[in-house]
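S.K.: Residue numbers (the working numbering), protein chains in the order written: chain A, 1 to 444; chain B, 1 to 471.
By construction, these hints were calculated from the structure, which means they are not laboratory data.
Honestly, I wouldn't trust all of these hints.
Subject to a maximum C-alpha distance of 25 Å in a straight line, what follows is the list of computed DSS-like cross-link-like pairs (lysine-lysine) [claimed, not checked]: (1) Lys161(B) - Lys440(B); (2) Lys354(A) - Lys421(A); (3) Lys58(B) - Lys440(B); (4) Lys190(A) - Lys344(A); (5) Lys365(A) - Lys354(A); (6) Lys220(B) - Lys91(A); (7) Lys365(A) - Lys116(B); (8) Lys123(A) - Lys177(A); (9) Lys344(A) - Lys156(B); (10) Lys254(A) - Lys123(A); (11) Lys156(B) - Lys220(B); (12) Lys220(B) - Lys116(B); (13) Lys39(A) - Lys266(B); (14) Lys39(A) - Lys116(B); (15) Lys193(A) - Lys218(A).
Covered by chain A, according to a simulated footprint, are these stretches of chain B (three or more residues, beta-carbon under 8 Å) [to be verified]: (16) 66-77; (17) 135-148; (18) 332-345.
Using N, Cα and C, we set each Cβ at its ideal position, and we do this for glycine too.
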Amino acid sequence: MAKLPAATLQETLIQKLDYEQLTNCMRCGFCLPACPTFKETGVEAESPRGRISLMKAAVDGIMEPGISFEDQMNHCLGCRACEPACPADVKYGQLIEQARDAIETHTKQHRWWVSGVRKIVFKELFPHQKRMSLLGSGLHFYKKSGLQTIVRKTGAVKAFSKHLSDMEKILPDASSKGIVEQLGTYIPAKGEKIATAGMFRGCLMDVLFTETNIKTVKLLSEAGFDVVIPETQNCCGALHAHSGESDQAKAMAKNNIRAFQEAGVDYIVSNAGGCGAILVEYDHLLHEEPEWKESSSWFAARVKDISTILVEQGRPLQFAETIDDGASTRITYQDSCHLRNVMKGSNPSRQLLKEVGNVAFIEMKDAGSCCGSAGIYNVTQPVMANQILEHKMENVNATAAQYLVTSNPGCLLQMKLGIEKHGQKDRMEAVHIADFLYDRVVKK
Amino acid sequence: MLDSRVRQKLQDIVGEAFFKDDMESLVTHSYDGTPMLQALPEGVIYPKDTAQVSAIMKVLNEHRIPLVSRGSGTNLCGGTVPVQGGIVMVMHRMNAILDIDLQNLTATVQPGIITKQFIEHIENLGLFYPPDPSSMSISTIGGNIAECSGGLRGLKYGTTKDYVIGLECVLASGEIMRTGGKLMKDVAGYDLTKLLIGSEGTLAVITEATLKLIPPPKYKKTMLAMYKDLYGAARTVSKIIENRIIPATLEFMDNPTIRVVDDFAKLGLPLDMAAILLIEQDGDMETVERDIERISEICREELADEVSIASNQEEALRLLTARRSAFTALARLRPTTILEDATVPRSKIADMVLEINRIAEKHRVQICTFGHAGDGNLHPTATTDARDHEEIHRVELAFEEIFEAAIGMGGTITGEHGVGLVKAPFLEWKVGSAGIAMMKGIKEVFDPHHLLNPGKMFAKESRRRVVIDRG
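Build the full structure now, drawing on both the sequences and the hints.
M.R.: Here it is as structure tokens:
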């Protein structure tokens, strides 16, 4: 970590925060009802308006940012629901990243295990696709070898943390083979080709949800896209950027841009809202580097979420009429915050789900508000994450849906966790939208 | 810094978690929705019931410490900025609906409940609470009462003061007082309920309110009329009322606003129009159809260039979008948005808009005007940059002239935002010196030590009027 021992957090904030954006906040308060942490606490400091006022006060020298300043910035989920609510178009997402970036170069207050998790996740794991697939093999072994059973029975995980032990229960069947190993790097379109789509496979997606990646590619092919999966791509860098590791995020962005440019794609398709949101903002991430302006804009303009590209560019998919007994399947949809608030892709997902034969789509109350997963937030801020999940599950359960559809791996795991905790496992299943759709598509 | 004994006493009342004086809490309670104002309090307190408010007030009274009570801090007059330090009391924890009386059609609520949540609750019961300030998705009922909030339905249904029939409040001494009740008629003494509504937290802390509910309208229709001639639009407003039609909503946008809104929302609005009126009527289907028909006739008689009536909900929503986009569009133009609140008799709307445009040009500032034409409540809105002190000075001069013009036309300095800090220097222009003396006398009785929201409503000195009377 690049420590700047001479500077104070205040000086670094002055250097990193975009003062124009701080000034643009006119404190109207429209963001307050959109903010999950404000909704949970009712405390001004836990709102976007409050956090911006703290950043500005620190920059203006009204206060010295201390531990509770850091806490307040870290309590933000980064869901960015405040941005569509803001009349003045304040780029809150950028401000919070800049603040966290500054905090990261100074903080000493991470609890030991948070530091540990961060180091492993950010430095040793996510940037290295090979290590990610080793992790996949490890998890695969963990589940299949009986080790999971041993761990559960002995209560070894519980000793670690209640939250992690809950998380451990919902771990999906990880795969040791990623999508390239299973499908290769080129999958031709079914029928007449519309365009070439580059598949962004993601790091975690490719390990924990390889099957979802495979189905995403097959959906694209069904809809008329040649799919290429550039092998040299890596993690999107979202978690790094959101947690203040922006240098690392930039390095990963550059590598991804190169990979997809070399592949010569028309679109770059993401099936994870969290990844997609940073991919469409690569131009902003690299805005201080003029030599990257052209290629980062090239990249950002091509990024599409899987649902959006299917609805807007793809050949209409044909869904199977009914599934036998005639009773319709109740489904509901939990928005991915970043897909909704940053990629503006909340409608295409719903449109597709409603096109599926014989389903009753039940709109969940507050479907657009964060589930509490938020990257690694549910690991680093388990108390707030749990509180948010509890309230989310009240709305989920009220729909009495059989399928809870999501568009992001983090949300999917969080929803699985919610269903597990609330004993709904027998009658409700959380699924990724690509899986749900592909299973119901009439294949050509 | 707060005396440590006082701090201890306050913590003992609410518990450690609900009294805060760390810098982060102070900074985040140093502002409200008003641009360019900020002052740090010495502590922030979150009471949970009336008894706690009373106990807190007794401590503050004993030690002569000022108190600013507030909800979500969305107000636009500087009403909840703690300019004299002291304690900020946030009412969010007192957010219960205490009673819905379906026999008397009343609701009794704590002040911290969010207006929209309350309205949704009431509507689910098939009832209607009309006051709908634009900030209703976050503002609290208590804040609405303190500022006597209005909104888009004010013309037909009245504002907050028409729906509050009983209050419980804590006085500066810490005593608890109740006024009114679930009564539609009550002339027992002075009407203290009405006096407290719009008193901006300067007389007492409101801890409970009884609100009147009414049956909801069955049917609604929306229309838009566009004019090349500002006077045509203004005459339409007067003529609708003259024809004894009171629309539910009668909203106005001037040409500068139309241009900004269209540029932002790409609604395809004609840019050569001097004004747009957005009109809604609700009630029985037959009446609504007849009223809308007659209103569109009036619009045409007054030479509206275009009149469009929404044929369905979606179309109505599209028409409403134009008006609703106004604030958002204006807010994005420049870093600082100063939304003001001058109000004139509705027959003077065209004169007032022309006057605002003339004043804006004179001072070389951008002011767009939109607002509630039906009740003469205009929102001249300046888009500027707080960092440009010279420009801000010109904006201030312009607004001073705008308020003066409004009063000259028989209007007022604020129709629904309140006086607070921002309008305090102009209050005397509206109410006269006798009016100020009377108001100060009332304040003296309620709050002899000037502890409740000090510095608000009454300025140290009034701004001298340059022109005495325009008639």
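S.K.: Starting from the hint list further up, note which numbers the structure goes against and sort them upward.
M.R.: 2, 4, 6, 9 and 13
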